[in-house]
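*Asks:* One-letter residues, chain by chain:
There are 2 protein chains.
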Amino acid sequence: MKESLFALKGTFAHTPKPESFIFEEDSYLVCHQGRVEGIYPELPKAYENIHVYDFSDKLIIPGMCDMHLHAPQYAYRGIGMNIENPEWGTWFERYAFPDESRYADLDYARLAYTRFVDDWMKTTTTRGCIYATIHRPATLLLMELLADRGFAAYVGKVNMDRNSIPGLLETTEESISETLAWLDDCQDRFAEVKPMLTPRYTPSCSDELMEALGAIAIERNIPVQSHLSEGLDEIEWVYELKPGLSCYGQAYDMYHMFGSDVPAVMAHCVYPNDCEFDLMSRRKQLMVAHCPQSNFSSSGGVAPVKRYLKAGVQVGLGSDMAGSNTLSLLRIMADAVLASKALWAFTERKMDPYAKRNVLSLSEAFYLSTKGGGALWGDVGSFEDGFLLDAVVLDESRLKDLNERSFYERLERLILLSDDRDIVAKFINGRQVYG
Amino acid sequence: MKESLFALKGTFAHTPKPESFIFEEDSYLVCHQGRVEGIYPELPKAYENIHVYDFSDKLIIPGMCDMHLHAPQYAYRGIGMNIENPEWGTWFERYAFPDESRYADLDYARLAYTRFVDDWMKTTTTRGCIYATIHRPATLLLMELLADRGFAAYVGKVNMDRNSIPGLLETTEESISETLAWLDDCQDRFAEVKPMLTPRYTPSCSDELMEALGAIAIERNIPVQSHLSEGLDEIEWVYELKPGLSCYGQAYDMYHMFGSDVPAVMAHCVYPNDCEFDLMSRRKQLMVAHCPQSNFSSSGGVAPVKRYLKAGVQVGLGSDMAGSNTLSLLRIMADAVLASKALWAFTERKMDPYAKRNVLSLSEAFYLSTKGGGALWGDVGSFEDGFLLDAVVLDESRLKDLNERSFYERLERLILLSDDRDIVAKFINGRQVYG
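The listed protein sequences derive, respectively, from chains D and Y. Numbering-wise, our numbering puts 110 at position 110 of the first sequence, and it's gapless, one number per residue. Numbering-wise, our numbering puts 103 at position 103 of the second sequence, and it's gapless, one number per residue.
These are computed hints drawn from the structure, not numbers from a lab. Careful, some of the hints might be misleading.
Which copy is meant is left open, because identical chains are indistinguishable; a pair holds if it fits in one copy or across any two.
[Said to hold, decoys possible] Simulated crosslink set (BS3-like; lysine-lysine; CA at most 27 Å straight-line): (1) Lys350 - Lys306; (2) Lys9 - Lys58; (3) Lys242 - Lys350; (4) Lys122 - Lys58; (5) Lys310 - Lys350; (6) Lys17 - Lys58.
Please put together the full structure from these sequences, using the hints given.
*Replies:* This is how it looks when you write it as structure tokens:
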């Protein structure tokens, strides 16, 4: 049952601003109706009778927001990152598309999605933007499973009316009508699990479909997610499919699905040209889902995150399961820092060996994975007063430090070394969902 | 007790050549006096009474060789990868040097090294090249602990007679005499744990010390390990300390510690100039310890591994604990592949968007971590006839695949997804040491 008023006791770490962590040592966070009422060194008199979850000696961090992942791909994570046999075809042809076509079978979907949701629970993630498949029943099932576990999420029935394989392809009419039927099914069904329009990417969706989806997005006020400028081949393909574009992003923007009318989460954004960068910085409801491990793995590239942030573009982190092999945003955060170091070394420092270090700090990466992505839901991703309480409790005892450490150091160790064994409890929207 | 004749039953995966994996499905590996006698689909008649370790349904891989790690740094792994407060100084000043100075205390050393050795056991690594500290008793203790557990290793008492902190600095005379005393203590003491001369790097060792160590190396026939071209600042510093060099490597080569007279393992080798590259390719007893995670983290750079291999330079993989935060060579292998993709994307493909993909394959990375590094010990790192039997048994049941997979796919998943929980047993030199 949801308690309307309670407190968490422990040491809190969060990033209201990306520049630095704030630590609240051995304190009480009071939660009222799902939101942070305040953090106090001692429990105030007025609250002395409320229930206190005692996590003394533990670190408590905001829940993380995974802004891009493919739930059906969890079943075959960690495969095909390094295809050595050319006869196997591409990763899409050999793994992604054949496996996604199996979600027409609701039994398979239940088995695979249950496993995904169970394992997602054992991470620091509390909410995310999820791609399902083209299948309406399986997508609805995924939403049910997420809602049952208490997750907050946007979930998309994927749209694909071209360039797929038989069994994973809709006609344009089907794709539109199934999307509408799905929205009718789910739009008001779950409190915290909501639909997101999900044209897979331009090569998968005809102009006619994109036009219809853009209209639905505006009419029903549904946010959108898609892929943008993930690879050089893909960008060329988009130019072939839609001659006359100055940048790939225009292929979404012309259909009102680039953060002009409704929020739009664009995954990857590794190779923006100047036109795209400029367009992105002007679209205030657009958010980049930065997926560093996936980008390294698929193309060796790194999205220019520091540049996006400087230009005021919103950025969150994404695992891009199964473009990466992990659901852990702690790992993705570490990858984001390493990727920014590589980008800096191979660009700015390449031009000037004495170039000032210009890389993501750990607090910036932490911000991206919490408050950065959380902005899609409003006041989410930090423990500031009034924010929705998403929290994860971490136990560092397994890491057995031999020395006294600062909170910053303890947190860095947890980010770099901890795994599912170290997660003690999880709260979403002020409700304990794990532990 | 060591059995002189036994068999392992299971599915074997190894890389006699870097180009591809060889899988021996559901077979028997016969081990005689610590070496692979052969792999058979059925147990030959002559062996029908020997003990068979039954690992049916498990994958068995060669033990891995960690060619560069600092055992004393394990205690504070995962800290200071991202120093945000300039007042803290460098990673060396804040963490590495103060912590290493604590190994003057044998009680602290015992606590920390026991933890390291215990946790190293829970990895796929069976042998390695380890830096201890400058302290002779603690170095000897580490060697004892490793020998007790059955590891094969080269261990170095570190030499440092300049540019360190008080408490972690020897006089030149001390450094030489302690090195000789240590060699007297350990050179013939352990069957599989051997000494390696370890001038930390040029900035830590005066010319006089280097000259003495080079003479000792030749006189006693002791291999050498050190750091080379890890960072741009370091390379400049070496040029300042030793004016007139054409490349950093010469600072080792002029003292016979660059693979001319005795084997030499050089860690990192990220930024070779043409002179260094040429010198490396001519020194046939030189091996590069490639440490991709550490290099990303410290400088954002990637060692040109494909170039080294093409030029015939020996290469192994190193965790560089605690320049990285992991002892897992499975993780380092994955990092090596990602790093090679970034290097390719930011160099060859930057020049030519249509450049042929030129990255480390998974089998190449596997080869580096097994037979590549293993070459330092001779016939080590694969299951070819006559090779020393180092083997690790992996259980994939926790990964719960929903589909039938090829052996290649099963192995890729284990490399990318498994952790200490999935390691069932370990053999070193034909002796079970774990599980």
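*Asks:* If a hint holds in the structure, say so; if it does not, say that too.
*Replies:* Okay, the hints, checked on the actual structure:
{"no.": "1", "hint": "Lys350 - Lys306", "verdict": "both (17 Å within a copy, 20 Å between copies)"}
{"no.": "2", "hint": "Lys9 - Lys58", "verdict": "within (9 Å within a copy, 44 Å between copies)"}
{"no.": "3", "hint": "Lys242 - Lys350", "verdict": "between (35 Å within a copy, 25 Å between copies)"}
{"no.": "4", "hint": "Lys122 - Lys58", "verdict": "both (17 Å within a copy, 26 Å between copies)"}
{"no.": "5", "hint": "Lys310 - Lys350", "verdict": "both (21 Å within a copy, 24 Å between copies)"}
{"no.": "6", "hint": "Lys17 - Lys58", "verdict": "within (23 Å within a copy, 48 Å between copies)"}
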